[in-house]
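Please build the complex by placing chains F and Y on the supplied structure of chain U, with the hints as guidance.
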Amino acid sequence: MPLISLTQKDLLGIEDLTPEEIKLILDTAEMLKEISRREIKKVPTLRGKTIVTFFFESSTRTRTSFDIAAKRLSADTFSLTGSSSSLTKGETLLDTARNLEAMNPDLIIIRHPASGAPHFVAERIKPGVINAGDGMHEHPTQALLDMLTVRDRFGRLDGLKLAIVGDLFHSRVARSNIMGFSKMGAKVMVAGPPSLVPPFIQHLGAEVAPTMEEAISGADVIMMLRVQNERLQGAFFPSVREYAVFYGLDRKKLALAKENALVMHPGPINRGVEISPDVADGPQSVIMDQVTNGVAVRMAVLLLLIGGRAGEKAN
Amino acid sequence: MPLISLTQKDLLGIEDLTPEEIKLILDTAEMLKEISRREIKKVPTLRGKTIVTFFFESSTRTRTSFDIAAKRLSADTFSLTGSSSSLTKGETLLDTARNLEAMNPDLIIIRHPASGAPHFVAERIKPGVINAGDGMHEHPTQALLDMLTVRDRFGRLDGLKLAIVGDLFHSRVARSNIMGFSKMGAKVMVAGPPSLVPPFIQHLGAEVAPTMEEAISGADVIMMLRVQNERLQGAFFPSVREYAVFYGLDRKKLALAKENALVMHPGPINRGVEISPDVADGPQSVIMDQVTNGVAVRMAVLLLLIGGRAGEKAN
Amino acid sequence: MPLISLTQKDLLGIEDLTPEEIKLILDTAEMLKEISRREIKKVPTLRGKTIVTFFFESSTRTRTSFDIAAKRLSADTFSLTGSSSSLTKGETLLDTARNLEAMNPDLIIIRHPASGAPHFVAERIKPGVINAGDGMHEHPTQALLDMLTVRDRFGRLDGLKLAIVGDLFHSRVARSNIMGFSKMGAKVMVAGPPSLVPPFIQHLGAEVAPTMEEAISGADVIMMLRVQNERLQGAFFPSVREYAVFYGLDRKKLALAKENALVMHPGPINRGVEISPDVADGPQSVIMDQVTNGVAVRMAVLLLLIGGRAGEKAN
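Protein chains in written order, with the numbering used here: chain U, 1 to 315; chain F, 1 to 315; chain Y, 1 to 315.
In isolation and in its complexed conformation, chain U is listed as follows (with noise of 0.2 Å):
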């Protein structure tokens, strides 16, 4: 018997989500993405819900799509921002999501630079909270539109091989999609700087290639890792042409996948550093495939979560 809705009241991570929830977050969206396409974008399903955007890192895109998610749904959003100095304490964040919480949310949104900030708050208050990205732990949502740009193409997930190639030590989008691609049934081969490769990530799902000509050998899926700007000199490696000959993916590198593998990138992306231009562009590319799956994945975990018997409201 198919799943109809999500039991829980939060999205924290794909860590706590069974395969049949994914499925079922993933058909949601399918059915949702028409609603971005038609003339008038908007269905009524979430009238007079209200979503609070509170997102203590920059990222006006993330923010966005959750933003246009909602109000395609026609709930009312407001954005809050939290400056770095009110991060020092988990008791002030407390403090404030206990605000929020008093003027009636139905859900709360939130991005910290702290691992499992989301799950410390949502233990706490009763409106539902989805985890926007958490440190370097978990980015749900982003793990749940690369699903479904895949399944868009190869009409299953199962059986197939994903190569995560990149940054992997500081990455939450890479965790997060280890987790639910090997859920799913996909083989996930991972590949970057040994001092950007962490310890243990075998036990997420994932297996360690020594190179990325390795690791993408045979993909049906390219994922490649954003290099934060500031960690592009020293520390981790020592320069980013070096970084790019290594773990840049270019023409040559992507003959190594299957002939119709997918190119996949979180955004934004550094061109010439982990990505060639003509790459990011080329007919493998399914980067803004991606960013449109994302409205669609964050309709459906709204719906899913606050919609009530959601199925029935969606048209």
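What the hints contain is simulated information worked out from the structure, not anything from laboratory work.
Idealized CB from N, CA, C, for every residue including glycine.
One thing to keep in mind: the hints can contain errors.
A short, non-exhaustive set of chain F residues, derived as facing chain U with CB atoms under 8 Å [unchecked claim]:
| id | residue |
| --- | --- |
| 1 | T64 |
| 2 | P268 |
| 3 | M288 |
Same frame as chain U, now just chains F and Y:
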């Protein structure tokens, strides 16, 4: 005969309100509270109204409360923030306000570090103006939400004893509350470090107690004021530790008040400074109720100022 | 046969508009003005449309005007601001725009310090683009609101004499207005400090007067340009005081124009620099009408670009 609407176009201070008008606002807020507990937290009362929040001091808390209140009544909201550079000339403030006026808003909600700024603007433009805090002068919606919170618990304000403790000098919250509670028949006692008790505060309706202990003895309500971090050290009192000893509320001091006395704080709280964590989170604390009532009171004020025949439209 | 809609997807500059298209926009704005004077200032015309304002220069005034215009037509709006760091590469601007495109917006409103940036983006993405000011190039909606304001008073633009005075070199407002008024049959004379009169400005349709007095003599309309504070001292002219003497509009200079000549300014004004307070606030000033008309013109442009069979939907 009961009042059924406010006759003025602005809400600038508690000073200008009659007891009947205060009662009208509280009664309306009481009626509107239920909207925020519905599944669909929205009524069409203020559809097509344009409300601008124009904040020259940062305050996500108060601004979000107004924004939520406005959207639950279906108004459109627009947020402007003023950089401190544009504060130096009243002329500039007025020019900006006139520019806003030319875009036909129904209401402008102003927070400004200069006492009297909202009044200055209100006299010169046609749309209504709400004072969301002006310098060390007034913060009327805060006092209204505080009165609503107390009236909810005791069923009345008349005859109660309220103690306000802390930095009275810099507190517009204290000023508005002293006037509000006095007008409604409560007795207000205040206490604070001598350097932070403004002269002539008794003319607003408060009695100055020599010690915190004396102020709160037998009180029905204790309202603690926030200590501004930038004032904690130096000119006004010797140290945080000393402040907490003499003017912080802990369980021992709380025992001096009536048995079921309410503990209030306008937020954000400094745990361990003006209030101990166990009291802030304890059974007598109504701090979160204050926040919830903030939305209701602001809905009431918006409705009464620009809602036309408000009482009829609210359902 | 009158035009009934714009055929292009973008509004990038007055340069691209025919006189018929300008007339269509002004006529539509005229019709829409009435909405902003209603009790319920909102029509459902653009319900379900997604409009993004994407401003790389700070401007609460113009952004708020677009935002109010959009919401009075029931569109959903999303605001992005670009930090100056992301301006250095056109590539990055395009990547960001493509990301927005992938979220299926109907219209992107761009302000950017680089001339031509909105055109660069518009050619490469499907959604419509409105130029809300690009470098020293164009600011078409400002010129349209200025033309609407003048036409309101005189019933026509044809045959009028317009004087534009001030920093012509840096002014996109001047450039768009010279082209717009010229196209509509007005005669445009300009004057400014020699260092701030760009060469070849006459090719846009303006005649350069040797002095401010000569430019405004017999004018029907005087449009004063804002002096940028950062340009007040130094390279371009000796002092604020000298600027005001030679290129500021006071009552004495105003007497040189026609008796009921209009005084305009795009705002924000520097009182006592390019315009004296008594003239700015005097009976001939239409500065506030310009702001009011800004909302109407922007409503018209939004409607004509993305409103479908707009004329039929507006009521």
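Here is how each hint holds up against the structure:
With a least beta-carbon distance of about 6 Å to chain U, the hint placing T64 of chain F at the interface is held under the 8 Å criterion. For P268 of chain F, the interface hint holds, since its Cβ comes within 8 Å of a Cβ in chain U; the closest pair sits about 6 Å apart. The beta carbon of M288 of chain F comes within 4 Å of a beta carbon in chain U, closer than 8 Å, and the hint placing it at the interface holds.
Figure legend: structure checked against the earlier numbered hints; every hint is met.
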